[in-house]
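A.B. asks: Given only the sequences and the hints, what does the whole structure look like? Please build it.
Protein chains: 2
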Amino acid sequence: MDKTILENGETVADGSICGYDSLHQLLSANLKPELYQEVSRLLRGSNCGKSLEQIVLPDSAKALSSKHDFDLQAVSFSANKEQMRKPRAVRVGLIQNSIALPTTAPFSDQKSGIFEKLKPIIDAAGVAGVNILCLQEAWTMPFAFCTREKRWCEFAEPVDGESTKFLQELAKKYNMVIVSPVLERDLDHGDVLWNTAVIIGNNGNIIGKHRKNHIPRVGDFNESTYYMEGDTGHPVFETVFGKIAVNICYGRHHPLNWLAFGLNGAEIVFNPSATVGELSEPMWPIEARNAAIANSYFVGSINRVGTEVFPNAFTSGDGKPEHKDFGHFYGSSHFSAPDASCTPSLSRYRDGLLVSEMDLNLCRQYKDKWGFRMTARYEVYADLLASYVKPDFKPQVVSDPMLHKNSS
Amino acid sequence: MDKTILENGETVADGSICGYDSLHQLLSANLKPELYQEVSRLLRGSNCGKSLEQIVLPDSAKALSSKHDFDLQAVSFSANKEQMRKPRAVRVGLIQNSIALPTTAPFSDQKSGIFEKLKPIIDAAGVAGVNILCLQEAWTMPFAFCTREKRWCEFAEPVDGESTKFLQELAKKYNMVIVSPVLERDLDHGDVLWNTAVIIGNNGNIIGKHRKNHIPRVGDFNESTYYMEGDTGHPVFETVFGKIAVNICYGRHHPLNWLAFGLNGAEIVFNPSATVGELSEPMWPIEARNAAIANSYFVGSINRVGTEVFPNAFTSGDGKPEHKDFGHFYGSSHFSAPDASCTPSLSRYRDGLLVSEMDLNLCRQYKDKWGFRMTARYEVYADLLASYVKPDFKPQVVSDPMLHKNSS
Numbered sequence: 001m002d003k004t005i006l007e008n009g010e011t012v013a014d015g016s017i018c019g020y021d022s023l024h025q026l027l028s029a030n031l032k033p034e035l036y037q038e039v040s041r042l043l044r045g046s047n048c049g050k051s052l053e054q055i056v057l058p059d060s061a062k063a064l065s066s067k068h069d070f071d072l073q074a075v076s077f078s079a080n081k082e083q084m085r086k087p088r089a090v091r092v093g094l095i096q097n098s099i100a101l102p103t104t105a106p107f108s109d110q111k112s113g114i115f116e117k118l119k120p121i122i123d124a125a126g127v128a129g130v131n132i133l134c135l136q137e138a139w140t141m142p143f144a145f146c147t148r149e150k151r152w153c154e155f156a157e158p159v160d161g162e163s164t165k166f167l168q169e170l171a172k173k174y175n176m177v178i179v180s181p182v183l184e185r186d187l188d189h190g191d192v193l194w195n196t197a198v199i200i201g202n203n204g205n206i207i208g209k210h211r212k213n214h215i216p217r218v219g220d221f222n223e224s225t226y227y228m229e230g231d232t233g234h235p236v237f238e239t240v241f242g243k244i245a246v247n248i249c250y251g252r253h254h255p256l257n258w259l260a261f262g263l264n265g266a267e268i269v270f271n272p273s274a275t276v277g278e279l280s281e282p283m284w285p286i287e288a289r290n291a292a293i294a295n296s297y298f299v300g301s302i303n304r305v306g307t308e309v310f311p312n313a314f315t316s317g318d319g320k321p322e323h324k325d326f327g328h329f330y331g332s333s334h335f336s337a338p339d340a341s342c343t344p345s346l347s348r349y350r351d352g353l354l355v356s357e358m359d360l361n362l363c364r365q366y367k368d369k370w371g372f373r374m375t376a377r378y379e380v381y382a383d384l385l386a387s388y389v390k391p392d393f394k395p396q397v398v399s400d401p402m403l404h405k406n407s408s
Numbered sequence: 001m002d003k004t005i006l007e008n009g010e011t012v013a014d015g016s017i018c019g020y021d022s023l024h025q026l027l028s029a030n031l032k033p034e035l036y037q038e039v040s041r042l043l044r045g046s047n048c049g050k051s052l053e054q055i056v057l058p059d060s061a062k063a064l065s066s067k068h069d070f071d072l073q074a075v076s077f078s079a080n081k082e083q084m085r086k087p088r089a090v091r092v093g094l095i096q097n098s099i100a101l102p103t104t105a106p107f108s109d110q111k112s113g114i115f116e117k118l119k120p121i122i123d124a125a126g127v128a129g130v131n132i133l134c135l136q137e138a139w140t141m142p143f144a145f146c147t148r149e150k151r152w153c154e155f156a157e158p159v160d161g162e163s164t165k166f167l168q169e170l171a172k173k174y175n176m177v178i179v180s181p182v183l184e185r186d187l188d189h190g191d192v193l194w195n196t197a198v199i200i201g202n203n204g205n206i207i208g209k210h211r212k213n214h215i216p217r218v219g220d221f222n223e224s225t226y227y228m229e230g231d232t233g234h235p236v237f238e239t240v241f242g243k244i245a246v247n248i249c250y251g252r253h254h255p256l257n258w259l260a261f262g263l264n265g266a267e268i269v270f271n272p273s274a275t276v277g278e279l280s281e282p283m284w285p286i287e288a289r290n291a292a293i294a295n296s297y298f299v300g301s302i303n304r305v306g307t308e309v310f311p312n313a314f315t316s317g318d319g320k321p322e323h324k325d326f327g328h329f330y331g332s333s334h335f336s337a338p339d340a341s342c343t344p345s346l347s348r349y350r351d352g353l354l355v356s357e358m359d360l361n362l363c364r365q366y367k368d369k370w371g372f373r374m375t376a377r378y379e380v381y382a383d384l385l386a387s388y389v390k391p392d393f394k395p396q397v398v399s400d401p402m403l404h405k406n407s408s
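Those protein sequence lines, which keep their order, are chains A and B. For the first sequence, position 367 (counting from the first letter as 1) is numbered 367 according to the UniProt record's numbering, and the numbering increases by one without interruption. For the second sequence, position 370 (counting from the first letter as 1) is numbered 370 according to the UniProt record's numbering, and the numbering increases by one without interruption.
Worth flagging that the hints you see were computed from the coordinates, not collected in a lab. A quick note: this is a predicted structure, and the numbers were derived from the prediction, not measured. Careful: at least some of the hints might be erroneous.
Same chains, same label: a pair holds when it works inside one copy or across any pair of copies.
[Claimed, not checked] Mimicking BS3-like on lysine-lysine, the simulated pairs with C-alpha atoms at most 27 Å apart in a straight line are:
hint, residue 1, residue 2
1, K150, K117
2, K81, K320
3, K117, K324
C.D. replies: Here it is as structure tokens:
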């Protein structure tokens, strides 16, 4: 694994080269416009046959972006006009960020540092007219689960805790639904921890919560040391702006998890994540887009940015030497749409806010067009799964008779 | 939709520009090597941290490629060495081709023309040491289902029909399993039609068949006029070279279909397809790769090439004028691997044979690494689907109480 030096002097450990900000930016800077357009058609699709349109944001949002040095991008998906329904355009925002202070700082300072860092980005979302905003996974803390140290559990808080209160004010102020993924402490069930997304309504009320369904056990993702598989099913939250759900991080590798949110009626599914280049970067644009296509909903994918260095070294097995960081969180937050198109991604290195306007009517339009639900034959798969989960399940295998003849 | 003229003078109707053969070729010809390498890392993944290696094929294979003007590419995926199992390297081939004669020619001439055209490509696979070969969907005929005309049904044949006999000889000659997707006529059930893949063993025997599970009803895909949803489940065929399955065409949009072949133990799933640029090209590299990642198996994706023009005009709705062709079949056949890597694609325009060597041990290595099966919680989804298929299913929706207060 090569170590390369970025322009800002940061060392990244994911084998990536320096000098570019995102795939989109690399290609647009290095290909002739007509070739870039063709590559974009192949890679990102077109939205109903058109290109995505840039949204002009108010100067106040741009000023916040300049002053606080975060990436700010805004694009619009389109949908066909219908005769029987009005358009249901909503603005949706995704925030990605690095942590504010070293992991050696007092915990309360680390946490309030992140609050201070996020405040102007959330303000920018507010003045940009964002209706639904999602933050990154476990946004109040470093992603410390790699260490297996239990002291980081102190960052956990109940669903109505400090971070929720902080966001409730902003939700109310900006008439904005906010999805807040945090490490939850369940006071009513013996102080156990969950990886949870709190859904805060546009009036500042708590609508509900969802707990991460699938927990990784790979590389430095030692999360199963801290919390268990969620017990909240696959809830879809009906907000004034549309029906939303949250597929937290590793759940994006599970097509059944995506499916379940679709069956329950989600129009936008957020995927707040924390993932590193060496392990997942080539999968990152694949899984979210596949889910958007297969389930006819929008997906908002978020990954944190930067490298978080911890005080004590830890190992991840596979004979790798002990190390103090998780690797580079490569950002690259983006939206995918039911028509197979997607937005360019935010930076691989910088904090950012991605705003996208989308007409939620597109979901049903693509259900009608492709007919994936109608042709899905769910009864076949209900039977198969019911059979599969039994210990004596026998796979449907047709063996070449010659094979057994030859081997006997 | 712009019409552009290709270098060979063919008119394509999918809005693509002329002058390149594949995305891979466009990017490698127009980016500096180090940028191309980085783009490849982001787009195609690396295989166990390494680049895919070119396979050197015998001159006799290359000679067939030159003489008969088809694209010939060969690359190798790698896998880790294990202590308890030997490597299980197999060579797998995919063939994509245009039809041989105009659709106005006598049917028997059209069919024998395709046989003659395919023979040297299959020979090339044989001399290249291919162990398992898959042909494209309904390879014996033009993809005439767009027309809704029933006379094309004449191309159908029973599982042990003419095309199977043709391939059985070649399977035996080259010790090669051949997957042959054809329009099947079921003589034992009242002459009905199916979209079927026949699995021919390396001794020339028929191992079994699989019938397409999901039938499209979109655009010019009028296939539901000709045949119904398959009744053969999700069989996995145990051959001497490995366990294979076939997800025919539109089934690639259904994650449950991919899942079912995985649950039954497939190590390679073929996706013989016939699809056109305007409708599906941005989805083409997404769905197959997602399936390979999610189910820890290899996927071989095949699409036919060229534009097939029919005698009588037909419509596809949406107010589009009547037309005589389906659009451009964009080829781009390729392999995807369980580690999220994939091969470059064959040409968008030319007939081709793609050979890939793969160690099937990689499948279980990635099941062990990522743990997707272990963490899948199938029992949760068995329950959900059992509930979903009931007419009185109620989705799990949590409504914002303020919403109903406001609206009352």
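A.B. asks: Taking the hints in turn, state whether each one holds.
C.D. replies: Outcome of the hint check:
1. K150 <-> K117: within (26 Å within a copy, 66 Å between copies)
2. K81 <-> K320: between (55 Å within a copy, 17 Å between copies)
3. K117 <-> K324: within (24 Å within a copy, 59 Å between copies)
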